[in-house]
Amino acid sequence: MPRWGMAADLDRCNGCGACVVACHAENNISTVGAGEAARGRAKHWIRVERYWEGDFPDVRVKFRPVLCQHCDNAPCEPVCPTYASHHTEDGLNAQVYNRCIGTRYCANACPYNARFFDFFNPSWDKPLHLQLNPDVSLRMVGVVEKCTFCVQRINAARVQAKAEGRGVRDGEIQPACAQSCPSRALVFGDLDDPESEVSRLSRSPRGSKLLEDTGARPKVTYLARQA
Amino acid sequence: MTHPTGARINNDLIRPLLLTSWRFYLLVVFFGGFVVAGVIAWISQMYYGFGIAGLKWPIYWAFYVTNFVFWIGISHAGTLISAILRLVNAGWRRPVTRCAEVITVFALMIGALFPLIHLGRPWLAFWLFPYPSERLIWPNFRSPLVWDFFAINTYLTGSTLFLLLPMIPDFAVVRDKSTGLRHRIYRVLALGWRGTPKQWHRLESAMQIMAIAIIPVAVSVHTVVSFDFSMAPIPMWNTTIFGPYFVAGAIFSGIAGLLIAMAVLRKFLHLEDYIHPVHFENLGKLLLVMALLWGYFVFNERLVTYYGNGPAEMTVFWQTQRESFAPLYWTMVTCNFVLPVVLMGIRRFRTIAGCVIASFGVILGMWLERFLIIVPSLGHKYLPYSFGSYSPRPAEIVITGATFAAMALLYVLFAKFVPIISIWELKAGEHPSPALIPPATAEHRLGELHL
Numbered sequence: 007m008p009r010w011g012m013a014a015d016l017d018r019c020n021g022c023g024a025c026v027v028a029c030h031a032e033n034n035i036s037t038v039g040a041g042e043a044a045r046g047r048a049k050h051w052i053r054v055e056r057y058w059e060g061d062f063p064d065v066r067v068k069f070r071p072v073l074c075q076h077c078d079n080a081p082c083e084p085v086c087p088t089y090a091s092h093h094t095e096d097g098l099n100a101q102v103y104n105r106c107i108g109t110r111y112c113a114n115a116c117p118y119n120a121r122f123f124d125f126f127n128p129s130w131d132k133p134l135h136l137q138l139n140p141d142v143s144l145r146m147v148g149v150v151e152k153c154t155f156c157v158q159r160i161n162a163a164r165v166q167a168k169a170e171g172r173g174v175r176d177g178e179i180q181p182a183c184a185q186s187c188p189s190r191a192l193v194f195g196d197l198d199d200p201e202s203e204v205s206r207l208s209r210s211p212r213g214s215k216l217l218e219d220t221g222a223r224p225k226v227t228y229l230a231r232q233a
Numbered sequence: 179m180t181h182p183t184g185a186r187i188n189n190d191l192i193r194p195l196l197l198t199s200w201r202f203y204l205l206v207v208f209f210g211g212f213v214v215a216g217v218i219a220w221i222s223q224m225y226y227g228f229g230i231a232g233l234k235w236p237i238y239w240a241f242y243v244t245n246f247v248f249w250i251g252i253s254h255a256g257t258l259i260s261a262i263l264r265l266v267n268a269g270w271r272r273p274v275t276r277c278a279e280v281i282t283v284f285a286l287m288i289g290a291l292f293p294l295i296h297l298g299r300p301w302l303a304f305w306l307f308p309y310p311s312e313r314l315i316w317p318n319f320r321s322p323l324v325w326d327f328f329a330i331n332t333y334l335t336g337s338t339l340f341l342l343l344p345m346i347p348d349f350a351v352v353r354d355k356s357t358g359l360r361h362r363i364y365r366v367l368a369l370g371w372r373g374t375p376k377q378w379h380r381l382e383s384a385m386q387i388m389a390i391a392i393i394p395v396a397v398s399v400h401t402v403v404s405f406d407f408s409m410a411p412i413p414m415w416n417t418t419i420f421g422p423y424f425v426a427g428a429i430f431s432g433i434a435g436l437l438i439a440m441a442v443l444r445k446f447l448h449l450e451d452y453i454h455p456v457h458f459e460n461l462g463k464l465l466l467v468m469a470l471l472w473g474y475f476v477f478n479e480r481l482v483t484y485y486g487n488g489p490a491e492m493t494v495f496w497q498t499q500r501e502s503f504a505p506l507y508w509t510m511v512t513c514n515f516v517l518p519v520v521l522m523g524i525r526r527f528r529t530i531a532g533c534v535i536a537s538f539g540v541i542l543g544m545w546l547e548r549f550l551i552i553v554p555s556l557g558h559k560y561l562p563y564s565f566g567s568y569s570p571r572p573a574e575i576v577i578t579g580a581t582f583a584a585m586a587l588l589y590v591l592f593a594k595f596v597p598i599i600s601i602w603e604l605k606a607g608e609h610p611s612p613a614l615i616p617p618a619t620a621e622h623r624l625g626e627l628h629l
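So the protein lines, in turn, are chains U and Y. With the first letter of the first sequence counted as 1, position 95 gets the number 101 in our numbering; the numbers rise by one all the way through. With the first letter of the second sequence counted as 1, position 323 gets the number 501 in our numbering; the numbers rise by one all the way through.
Quick caveat, the hints were computed from the structure, so don't treat them as lab data. Since the structure is predicted, the reported quantities are computational estimates derived from the model, not experimental observations. Glycine is no exception: its CB is placed at the ideal position from the N, C-alpha and C atoms. One or more hints might be untrue.
Just some of the chain Y residues that point at chain U, by a computed CB distance under 10 Å [unchecked claim]:
{"hint": "1", "residue": "233"}
{"hint": "2", "residue": "301"}
{"hint": "3", "residue": "309"}
{"hint": "4", "residue": "310"}
{"hint": "5", "residue": "318"}
{"hint": "6", "residue": "406"}
{"hint": "7", "residue": "411"}
If you anchor each label on the Cβ, the simulated ranges turn out as follows [stated by the list, open to error]:
{"hint": "8", "chain 1": "U", "residue 1": "127", "chain 2": "Y", "residue 2": "366", "range": "27 to 35 Å"}
{"hint": "9", "chain 1": "Y", "residue 1": "418", "chain 2": "U", "residue 2": "231", "range": "34 to 42 Å"}
{"hint": "10", "chain 1": "U", "residue 1": "162", "chain 2": "Y", "residue 2": "308", "range": "35 to 43 Å"}
{"hint": "11", "chain 1": "U", "residue 1": "203", "chain 2": "Y", "residue 2": "217", "range": "33 to 41 Å"}
{"hint": "12", "chain 1": "U", "residue 1": "198", "chain 2": "Y", "residue 2": "485", "range": "38 to 46 Å"}
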């Protein structure tokens, strides 16, 4: 069984936000409109956090793409009363929308605030409603949704590989965020394969995990900035 | 201080059941109006979407969960206090027990509504039941919310029994005093009570068993409620003190709720001969003890956090201590500690009015306490980028208001249909009859303090 994970090179991330847009398009994330977004209801399965260092004019900006970290010891999983939030065999932190009753306990327990509640039924500003992805289910009002590492792409690649009688090749699966990243800051792959790019990057001395001391054992490695 | 006896007790305490004034209907319409408004707000929340409430990322619990914890806290008034007073055989408890126990049942019913109201999809709440589904999916027994579900159901069942058992002899009194339809209804409710020594003995035994059984249940219920927070790795939530802290706070707010209910009943049902200043005095002392205990827990929680100086904890700490939540925090400290300690600590202020003022302070303070446990932590969880703030919107405010009205409405209705003071217990305290009453309960008279 593979163990899917990601590495994010903060040296390469320039905060362009292409990953955010790609994620919205790939995963049918509804746009909530300006008013609701201003109220704090926007849903971004991946977001680029901006932190400022120093005082003007010596300001340095730091970007950090934050998505569901698919923790090995995920705090969101034990708290869900209905198993809507659970761990798959290949280490993904899955959210079963149909099983979710909307206690939002998982979203509270998540140290990364990577989970989003659907306050209304999904809707899109025209013409975005014409580009929905048929491979991704829509989420109704009252459930919690979050990054899936583009599980539809993982499954498609796995089925394809099985049909061709081989294993999934490194780099064959690309979540929308990694695919759209112009500076290749995001790398996705199998952490259990020592040869894969993601596992090589995860072992880098520059690597660290976000909020490691919460004990969640996240599977996204951030490579510290050197420049 | 007069001690009414025999027939007068019957007449005084059954009068509210038999005579109905226009005031009763006015109160029912008044409180009922608020309750209807709350129901409309909840239905709109389901119809238009949860978004009409003020919740937002990342503060996904706020008013509803505050109300949940608050009402479950209030429910500790009754059963726990009345069970303890029964077990230690405090004679002065007799006129107080029933109005305390009924607070428990109603507050639990209201509190248990909030997990439903706050659900994104309340129509699927039955998935918390461990029923054998065709797909063999069970609830997640590791989830504190499932523990909550069991704890609250156990407590509701136990406290309903604890309330209903001692009502049987009183239903029999009403049955014997009434005619027509009312007679037929109370005949059913009295369950064939004849007042034989055997029946009395069984009732007393059952009450002893329930009183002992309900105390661990009550303590565990609010501990389990505190687990909803302390089990999550959230700054200022993930702490071992929450269990006892919540239980103490629950009893604290419960006593305050009971004092207010007693004062209102005394005034409007003219029960001055039954609920005496000494009852307020004694419960006031209990309120003082709980205020000190609450102050100890808060001091303990804050000092340990401050000394530990963890960055995530300190962010939340300063939010409540001197930043955006500071006004609410210091209001809470004033209402929960300064006010009750001053009013209840000085004998001159430990009057009925003093008790009621302190109790209103405690009710407000304890509501704020729960709010301040939940919201600042969720709004300041580790990553500064995702910090957020919260303000309620009409749906939450209306529903919150409606629950207080619902409590009042249920209380008014209850006092209309059931003697709000346990007639037989009062008589047992007045005329101890060795044949009918176990020796342990016979020696204490109304008004004497045996604690």
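Hints, one by one, checked against the model:
Hint on residue 233/Y holds. Least Cβ distance to chain U is approximately 8 Å, under the 10 Å limit. A least Cβ separation of about 9 Å between residue 301/Y and chain U falls short of the 10 Å threshold, and the interface hint therefore holds. Checking residue 309/Y against chain U by beta carbon gives a least distance of about 13 Å; that is not within 10 Å, so the hint is violated. For residue 310/Y, the interface hint is violated, the least distance from its beta-carbon to any beta-carbon of chain U being 15 Å, above 10 Å.
Annotation: residue 318/Y was flagged as interfacial toward chain U, and the flag holds, the nearest CB pair being 5 Å apart, inside 10 Å. Taking 10 Å as the C-beta contact cut-off toward chain U, the hint placing residue 406/Y at the interface holds, the least distance being around 8 Å. At a threshold of 10 Å, the smallest CB-CB gap from residue 411/Y to chain U is about 5 Å, leaving the interface hint in force. For the hinted restraint 27 to 35 Å between residue 127/U and residue 366/Y, the CB-CB distance of approximately 48 Å leaves it violated.
Checked against the hint of 34 to 42 Å, the pair residue 418/Y and residue 231/U passes, with Cβ atoms roughly 38 Å apart. The hint said 35 to 43 Å for the Cβ distance between residue 162/U and residue 308/Y, and at roughly 37 Å that hint holds. Restraint check, residue 203/U to residue 217/Y: a C-beta distance of roughly 57 Å breaks the suggested window 33 to 41 Å. Remark: the range hint 38 to 46 Å for residue 198/U to residue 485/Y is upheld by a beta-carbon distance near 42 Å.
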